[in-house]
Structures are given as C-alpha cells and as structure tokens.
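So for the sequence shown, the working numbering puts the first residue at 1; every next one is plus one.
Honestly, the hints are just simulated from the structure, not real lab data. Just to be clear, a hint being listed does not mean it is correct.
Cross-link-like lysine-lysine pairs, in silico, DSS-like; alpha carbons within 30 angstroms at most [as the list claims (entries may be wrong)]:
1. K122 to K108
2. K135 to K122
3. K108 to K135
So the derived label-pair ranges between C-beta atoms look like this [stated by the list, open to error]:
4. R96 to P151: 37 to 47 angstroms
5. M118 to V231: 28 to 38 angstroms
6. E141 to I176: 30 to 40 angstroms
7. P127 to L248: 45 to 55 angstroms
8. S218 to S113: 19 to 29 angstroms
9. L133 to L206: 31 to 41 angstroms
10. A155 to T224: 11 to 21 angstroms
11. G93 to D150: 17 to 27 angstroms
Heads up, the beta-carbon is just placed ideally off N, CA and C, and yes, glycines get one too.
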Amino acid sequence: TRCRGPSCLRRSLPIVALLLAACYRWEWLVEASSFAATPDVQVRAAPGSALAGRGSLLTRPRPAGPSPGVWGPRSVSRALGMEQAVLLTVRAGPLRTTMLCTMILALKMLYVSAMVGMYKFKTGSRPPEDAQLMKQYGAQEFGVMRGGSDPNDVAFLRRLTRSLANDMENLPMGLICTWGSLLCVSASSRPLLGEAHAALAAGFALSRCVFTIAYAQSAQPLRTISWAAGVFCQLGLAGLGCGAALGLL
1 TRCRGPSCLR RSLPIVALLL AACYRWEWLV EASSFAATPD VQVRAAPGSA LAGRGSLLTR
61 PRPAGPSPGV WGPRSVSRAL GMEQAVLLTV RAGPLRTTML CTMILALKML YVSAMVGMYK
121 FKTGSRPPED AQLMKQYGAQ EFGVMRGGSD PNDVAFLRRL TRSLANDMEN LPMGLICTWG
181 SLLCVSASSR PLLGEAHAAL AAGFALSRCV FTIAYAQSAQ PLRTISWAAG VFCQLGLAGL
241 GCGAALGLL
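Using the sequences and the accompanying hints, generate a full structural model.
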C-alpha cells in the first residue's frame with residue numbers, strides 16, 4: 001500500500017529520529033578520534049600577567065578518554081586544540097551592508113510571493129478550500145484559470161510567477177556567495193576587499209530589485225541588463241571570496 005498524508009509522516013518519524021541519532025553519534029566518534037590524536041594543548045602566558053611568574057608555558061593535560069560532558073559533540077574547537085581555532089573580526093561596514101541587502105531581498109521575495117497568491121485568488125486558481133478565506137473572489141480550482149478572469153490579471157500573474165521562479169534560481173546561490181565572501185574577506189587585513197565586497201553585495205541586491213520591477217512592467221532591455229548585472233555581481237562575490245580565502249588578493 002502507498003503511504004499518504006499524515007499516516008506517511010507518522011511512519012517516517014522513527015526513521016528520521018534514527019538518522020538524526022546516527023548523525024549525532026557519528027559526530028561524537030569523529031570528535032573523539034580527532035581529540036585522541038591531538039597533543040596536549042599548551043598556552044603561553046602573556047607577559048606581565050599573574051601567571052607569568054609561574055612559568056612561561058602552561059600545559060593542560062588531555063584526559064584519558066572522551067567524556068561527553070566535557071569533550072562531547074559540538075566541542076570541536078576544544079578537541080582539536082587552541083592552535084587550530086580561527087578568530088574572525090568582521091568589519092562593521094561590510095557586515096551591515098550584507099545584512100541590509102539580505103533583508104531587502106527577503107522582503108522583496110515575500111512581497112512577490114504574496115502578490116502571486118493574491119492574483120491567484122483573482123483568477124480562481126487557488127486550491128478549492130481557499131475559497132473560504134476570500135469569498136469575494138468566488139470558487140477556486142487548483143491550477144485552473146477561471147473562464148471569466150480578466151486577461152490583464154492572468155498575464156500579470158504569469159509575469160509574477162516567472163519573476164518569482166527566477167528569484168528561486170538566483171537568490172539562494174547569490175546570498176551564499178555574499179555571506180561566504182564576507183567571511184573570507186574578514187580574514188584578510190586589506191580594508192579595500194571589504195569595500196569591494198560591500199559594493200558587489202549592494203549591486204547584487206539592487207540589480208535583483210530592478211529585475212523584478214522590469215519584469216512586472218515588461219521593460220526591455222532593462223530586464224536583461226539588470227539580470228546580467230546581478231550575475232556579474234554574484235560571480236564577483238564568488239571570485240572575491242575565493243581570492244581572499246586562497247590569499248591571492
């Protein structure tokens with residue numbers, strides 16, 4: 001028999017729980033083996049500190065076996081040793097620009113999604129049960145345009161749907177490149193890289209907003225230019241992050 005609806009979800013819960021438990025156990029084993037191969041962590045006392053008079057080198061002994069309470073999962077930095085820890089100081093300017101661009105793109109996508117839902121009500125293409133929410137738009141049939149729908153509403157709905165699909169193709173990877181570039185640029189000591197990152201992130205957000213407006217208003221060649229500008233900024237962010245991570249910039 002085929003598994004459908006809530007019964008399928010209930011049957012899959014034990015499987016999901018077992019998979020999560022296996023992943024949790026695997027993470028603990030990886031950390032335990034990594035810690036077992038790690039030498040004692042040695043911390044040099046800072047000059048002038050209260051510990052400086054007790055010797056210039058302090059040693060924290062490694063315990064005989066892994067203890068979940070101290071060396072359990074999510075303690076990788078302690079298990080691998082302090083010498084392998086990475087401390088990033090993120091500059092305020094690029095961080096604010098990246099977060100602001102992320103918020104703008106998220107709000108834009110939510111707005112377009114809400115507009116798609118509203119125009120589906122107008123054209124009668126919502127799921128049938130949604131007719132109870134907006135009774136003024138009449139009966140609804142999932143994925144089927146109502147015969148008496150306004151042709152302008154139908155055409156605009158198609159444009160919004162295609163614009164939203166284009167966002168789904170470009171925004172996830174674009175934001176991944178944006179935040180990845182921010183982390184890699186933050187590890188560099190050159191302020192110019194942070195300014196370049198902020199400019200590319202702002203350009204990506206602006207080009208995607210212009211693309212959505214141009215698509216809705218049937219504006220060419222503005223739509224193609226804005227799409228190409230967004231792709232250029234996305235590739236620039238990816239290249240900037242890789243260059244900073246590899247020490248090429």
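We went through each hint and held it up to the structure:
no.	hint	in the structure
1	K122 to K108	holds, 21 angstroms
2	K135 to K122	holds, 11 angstroms
3	K108 to K135	holds, 27 angstroms
4	R96 to P151: 37 to 47 angstroms	holds, 45 angstroms
5	M118 to V231: 28 to 38 angstroms	holds, 30 angstroms
6	E141 to I176: 30 to 40 angstroms	holds, 38 angstroms
7	P127 to L248: 45 to 55 angstroms	holds, 52 angstroms
8	S218 to S113: 19 to 29 angstroms	holds, 20 angstroms
9	L133 to L206: 31 to 41 angstroms	holds, 35 angstroms
10	A155 to T224: 11 to 21 angstroms	holds, 20 angstroms
11	G93 to D150: 17 to 27 angstroms	violated, 47 angstroms
The structure fails hint 11 only (numbered hints given earlier).
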